[in-house]
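Chemist: Listed here are the chains, written in short residue letters.
4 protein chains.
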Amino acid sequence: MIVRISPKGSMEQLSQLEVARLKQNAQSELYQLYRNCSLAVLASGIKCDNSQKLFNQFEGFKINVLQKERGIKIELINPPTAAFVDGKIIASIQEHLFSVLRDIIYLNDIIYLNDKFAQLDHIDLTHSDHITNSVFDILRNAHAMPLFDPNIVVCWGGHSINNTEFQYTKAVGHELGLRELDICTGCGPGAMEGPMKGATVGHAKQQVNHARYIGLTEPNIIAAEPPNHIVNELVILPDIEKRLEAFVRLGHGFIIFPGGAGTTEELLYLLGILLHKDNQDLPFPLILTGPKESADYFTHVDAFIGATLGKEAQDKYQIIIDNPAEVAMIQKEGMETIKKFRKKIGDSYQYHWTLKINPEFQFPFQPTHENMAKLDLHFQSDKAKLAANLRQAFSGIVAGNVKMETVNSIEKQGPFQLKGDPKLMILMDTLLSAFVEQQRMKLAGTLYVPCYDITHGH
Amino acid sequence: MIVRISPKGSMEQLSQLEVARLKQNAQSELYQLYRNCSLAVLASGIKCDNSQKLFNQFEGFKINVLQKERGIKIELINPPTAAFVDGKIIASIQEHLFSVLRDIIYLNDIIYLNDKFAQLDHIDLTHSDHITNSVFDILRNAHAMPLFDPNIVVCWGGHSINNTEFQYTKAVGHELGLRELDICTGCGPGAMEGPMKGATVGHAKQQVNHARYIGLTEPNIIAAEPPNHIVNELVILPDIEKRLEAFVRLGHGFIIFPGGAGTTEELLYLLGILLHKDNQDLPFPLILTGPKESADYFTHVDAFIGATLGKEAQDKYQIIIDNPAEVAMIQKEGMETIKKFRKKIGDSYQYHWTLKINPEFQFPFQPTHENMAKLDLHFQSDKAKLAANLRQAFSGIVAGNVKMETVNSIEKQGPFQLKGDPKLMILMDTLLSAFVEQQRMKLAGTLYVPCYDITHGH
Amino acid sequence: MIVRISPKGSMEQLSQLEVARLKQNAQSELYQLYRNCSLAVLASGIKCDNSQKLFNQFEGFKINVLQKERGIKIELINPPTAAFVDGKIIASIQEHLFSVLRDIIYLNDIIYLNDKFAQLDHIDLTHSDHITNSVFDILRNAHAMPLFDPNIVVCWGGHSINNTEFQYTKAVGHELGLRELDICTGCGPGAMEGPMKGATVGHAKQQVNHARYIGLTEPNIIAAEPPNHIVNELVILPDIEKRLEAFVRLGHGFIIFPGGAGTTEELLYLLGILLHKDNQDLPFPLILTGPKESADYFTHVDAFIGATLGKEAQDKYQIIIDNPAEVAMIQKEGMETIKKFRKKIGDSYQYHWTLKINPEFQFPFQPTHENMAKLDLHFQSDKAKLAANLRQAFSGIVAGNVKMETVNSIEKQGPFQLKGDPKLMILMDTLLSAFVEQQRMKLAGTLYVPCYDITHGH
Amino acid sequence: MIVRISPKGSMEQLSQLEVARLKQNAQSELYQLYRNCSLAVLASGIKCDNSQKLFNQFEGFKINVLQKERGIKIELINPPTAAFVDGKIIASIQEHLFSVLRDIIYLNDIIYLNDKFAQLDHIDLTHSDHITNSVFDILRNAHAMPLFDPNIVVCWGGHSINNTEFQYTKAVGHELGLRELDICTGCGPGAMEGPMKGATVGHAKQQVNHARYIGLTEPNIIAAEPPNHIVNELVILPDIEKRLEAFVRLGHGFIIFPGGAGTTEELLYLLGILLHKDNQDLPFPLILTGPKESADYFTHVDAFIGATLGKEAQDKYQIIIDNPAEVAMIQKEGMETIKKFRKKIGDSYQYHWTLKINPEFQFPFQPTHENMAKLDLHFQSDKAKLAANLRQAFSGIVAGNVKMETVNSIEKQGPFQLKGDPKLMILMDTLLSAFVEQQRMKLAGTLYVPCYDITHGH
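Protein chains in written order, with this note's numbering: chain Y, 1125 to 1582; chain Z, 1125 to 1582; chain F, 1125 to 1582; chain L, 1125 to 1582.
Bear in mind the hints are in silico, worked out from the structure with no lab data behind them. Glycine is no exception: its CB is placed at the ideal position from the N, C-alpha and C atoms. Keep in mind that a hint or two might mislead.
Said to hold, decoys possible - Pairwise CB distance ranges, derived in the manner of DEER restraints: (1) L:K1177 <-> F:H1267: 45 to 55 Å; (2) Y:Q1181 <-> L:K1467: 17 to 27 Å; (3) F:V1573 <-> L:T1288: 33 to 43 Å.
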């Protein structure tokens, strides 16, 4: 089966050089990256969160970029049929395919640009600034920053939440949609899809014709969490840290639904940034919310934050149980506050330049046994520092749960050894045990074997 | 509480004369009509299908049309709060308010125009043609006929269907939306809302930004079946018969979900028209569909049609059980057939002029005891005539179930007496008993006392 | 030669009744009116200001309205070839053809509506109000009142001005265009085309993509002054008086270039209205302007106004010689004043309801010998009344110069006899003689024989 | 005087790095380039074709890029007042300012990208391909390639033509506009402005709301030939050769009006390319045209081409005297031919990839005395090669006439010495003498002293 797809969305013209670089070629890393991201998008209707299995199933899939009289076309050879309705590709998948193409080509360029610019400017830019500018460049190239007023609510949470929690994320999305707010998530199912689905109906009631459902992803995660079909703006960032930075600079309000270790990692990332002294006064609406059945979850998380990062950190968020309308109202009011604040200080409505992000939140953490064992898990007065270390610990646990490479190394070398202050160790142990009990560490129905040992002694 | 609303949608300017005519005035019929329709729209979020109760609850509601520098505004005094989100009116209600204003003003004019035109033209137009032209004028004035290709699927069915059936109407709507088809219904809840709700998500996946969710209603029904909030084009026709004509001339494809006596009336209306010899060759996709749990319902209905109107009538529709995708595919294919056919014969894509509708389907039937008793309910070779008579019988039963005036007259004079061919009487009795048993005649949980006696003797 | 034209612009759908009414039919007045207006539009590229000659030349021209699957088409039989470029109709003519169709159909209706509404409303509306509302209805039906801020400058002046004056009208138009003002004129050549042509380039420099070039005309004048090709909104009013009312209610600022008796009539119309006591405080930017070569013209006109209507009338306008930028700046500033004023009093930005127009300016004056002889041409304290009488006198002279019927009756009965106050008679004589001398009464090169005798005695 | 300008057009967001690079800084070459191009745009209303004088007059002019909450703003310090109407910047200048900003930033990047890509791809791309791709990148970044059908007519000719010729270029533009063709020129006055001005009225008649008036320029020429105010798409290419390549790849049809040595250079450029064997079959509508008063000019040019490049070259163009409509008709028909041809071979409608341009037409020619003396000016069988050499000769003469640096070196070292085949030398001499006689080498009224000696001997 061979299908040719015309562009839908923002990319329409490629140069001959760009097309040449994407030529189908078993040896070309760029082609493989492009092919795999495209396959992930095409397979997004298929229920399967195991990338390897997916890639095996569609081994015969190939993709070509063709230059035609009216611009480029994409040729798909043996694509998954789930991407089509009556033989016609679903429009959102069609657009996502061209978003992939746009971003893959751009990511290829940006790496070299960065180096060059530093030399060119002969000015004292820290590498941190370069990362921030690169994230900006990628988002701009994706037309992800139209000149609207502050309006984007980022929704985070687990991708395999239970049905009560899923219905709740839809209800929150509905209330956000009724207030004409746009939604930005990590692209996948669960708490990433629910708010978008709910917002769709809310936006319809408010006759918002050009609502934005932004999905931010990265090449390693797109296959496991493919963009749901409501996403109408897909952007692929080069790695997890740039994706996180894109979330916090592009988004205006933040909502965290229940999740597992990954969601805790994200919360720690946010708190670590917000605890930076330069960020003290920035308006930053952050709400933790879920249905009343999930109240316990937030009690555990809040207790952990209180005991480790203290009241100062707890003051950065509100917990709201079972009240979608209130969540949405607070976010809506937050938009006004942000608008006034940024206008006053002259920061952009579209990209939160002022937010200070320390390099330890920008550079990737490699979750090896060695790095995990070396983590400094002791109480300390620099709460931002502690948040950074804790984030790395949870990041390692997430990898140990799901990332193929890390899982393999745990099979060989045994669980990670986490050491630190005994009191802190007990706090972590308690929180993680609660997640295990609530079946948040693995898909429901499977037995969870922890990938870590927490050493309570000194 | 006083709120002023600016226009959203197609009406923006009124003349001073038009504004004067709508002046708040207890004696003015036009003002009362305008006020009540507006109230129905504003109360659409409130669960209540009893108009009288609704009107009592909002006795203090008043409405004024104001002329301002940028066009008109509507002033609402004591409106239902359910129409607002955080003090701001919901956009769809805002638009519906102005649709009401537009149509009330226009309906006021059209009555006089019709008479005048007949005299003016000195040409031999039957009154039937005048009705057809009036319906066209109203739809055109409402901008309900943009120059698109055939694309509108009319969905009919009960307003109080069970949850399984409701989910099914959503699933069908989703598949229609995936095929980029627009939805037209009678405005209210149940089978009128489900297809729109499902289509919203389907359209989002296909990135259809300007999908149409058309609601056709009339002044006497708008309070009982207020436009759901997904409706983005609301048109008020002057009476039930013109509303039915608007459905069949504006719509291209037709789907009937389970319902009660009212839905049967609608099916008989359609079949009566389609059996007209002039309409034999018109492509007219008509599908009866429901979930497998509702298969029995269609068995009964089909048996009744077969036994009364014969195979010729049965050939006019397909019954599809539990297959939303197939329903949508057939409708989609039907659009192509209609397009080719109308192009060939030079009929409009927007308004089905060619469809022949006999006057007995255009003039209203008054369901008095006398008229019901006089109905000619015998088998006859003119199947279209029989369909017209049966439709009037079911129309009377619907009125006897829900229309205040008719209910009162039954309380005084006892049930309607339906007489006719004994075999035909048994068929009707069987069908109606099945509806009673399936709780389709009244809202679930209430005991149904039939408003009719079927006399099986001669 | 047979050509079929698709709609461009606002009309796309007609009912079968409307199409039937326009059927080609030698006996049908409506068809003849429609045919002749359409022919005038089609012949607009041909230099010819003699309607009769034009109609003779294209005797074989016929027009049909066809109903097709995508709406109506217009079929032209033997149209003037000047309307086409390489066999394709010029877009502005195409749109004008559909404007004619739209307005002819509407004018046919409005006559009857007016009568009906009066009976219907049982309220005490003077006939004057009805006229004002009808003009509104026609403009609204033509979509001539989009919701913009005050922006329309009406330009009046002769249709056969000399080249220096024509270049000056272009220069003024250019400056108006640079200030993003829209232009409204009487449709034809000369001072009606120049400002539009100049504005086209001004708008291009300001990248105004949707500038409005509004042409207001009426059935008896459209053939003599066909819409120039820059007009992008053409509206046909039913008669001269409604056309004048449309100008003053739709327009915001007013510019009068040099002209003849007709332009004097228009000035007297404006001054007569502005002298009404209810209109004293209305902001109404009115400028008389021309190149320095035409300074004399304005000296004569101003002297006449001063001597007849007094300083009060002179205060209503400014005379600006040879300064296009200043003219445009004053108009631009006037828009702000009008905006604030109308906002304060709640009058529409689109239609100047508040402006009081007395019935003597709304009802047509029939220029018979008897009516002309009866005119009360004496000084009087009611300057508005005097202005009305003078306007009628000049109106009669215009008719005597160009209107076929009036010209004929003068040939038979001799010139009009104008009598009145000797001093006033001398003033009129002086002004008219200056016009004759400046060759403003007839096209250059033809000898002018006055159509009037001014009796200086009592 | 300090003014802040908001974006109009396609650029709205800059990164902090990009803003930093443009910081006002006397030492920064990039800032100086940016400032001077911006000044040229702002001074475009001032009649002055001497860049040095212009820069001296506005020595105090400075420009800053500011980052604000809604994107960037440009701050102008002491800008020329001619850029403003009533204190408000003219929209086209406003857009041109942001085009300059967009292109300066991009040109800065592109230089480095090119080098990098060559290394990156490890593929055998000639440098010629890189140039072609860079030109594409610049045009794409400027949004100069919307997905329209072939529609762009490039108009070339002198910038100081006489009034008869100027009126003729307007008449041709008017006919092109009537045929809904877009215009692309070199930005400046004369034959570059006339076709745009005429097209403006033609487009208005055809109600073309989004007509394109594309101006292509380069940093060294923008001050001498600033974009006229009708240009609504301005693109700055890095140098003359890339600008020429942009013309021939972006444009579809070509018209050459009378001009001097520069216009001859352009004609030789085109013929040199069209004579390449790979370009034999490409449809390429090329018309030389002027009013009947300029017929002689074309006789001389045609004779020169015939005698040097032969009939094969003469067959590449048509000469049309005094027939604007025919010129436009041929261009319009050419668009259809191009459309069909590119569709057949799969080349883009937007960018003429297939056109083969040899490196000698891509690399700049430095007009030193040495290079001029070395030129191989002999007849030869490779006509494309001869065209290239002749182009360089004329290019040198243009530089000797107007380019400050070259003029100076001629003052010091005397005129260029052109040597070659005696017959060829006589042909050049004859043509150039005709230009001198027709006052095409210098502005009217100044005496022309040739910058070259043609040596007729061997």
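Chemist: Confirm or reject each hint.
Modeler: Hints versus structure:
no.	hint	in the structure
1	L:K1177 <-> F:H1267: 45 to 55 Å	holds, 51 Å
2	Y:Q1181 <-> L:K1467: 17 to 27 Å	violated, 37 Å
3	F:V1573 <-> L:T1288: 33 to 43 Å	holds, 41 Å
Taken one by one, the earlier hints fail for this structure only at number 2.
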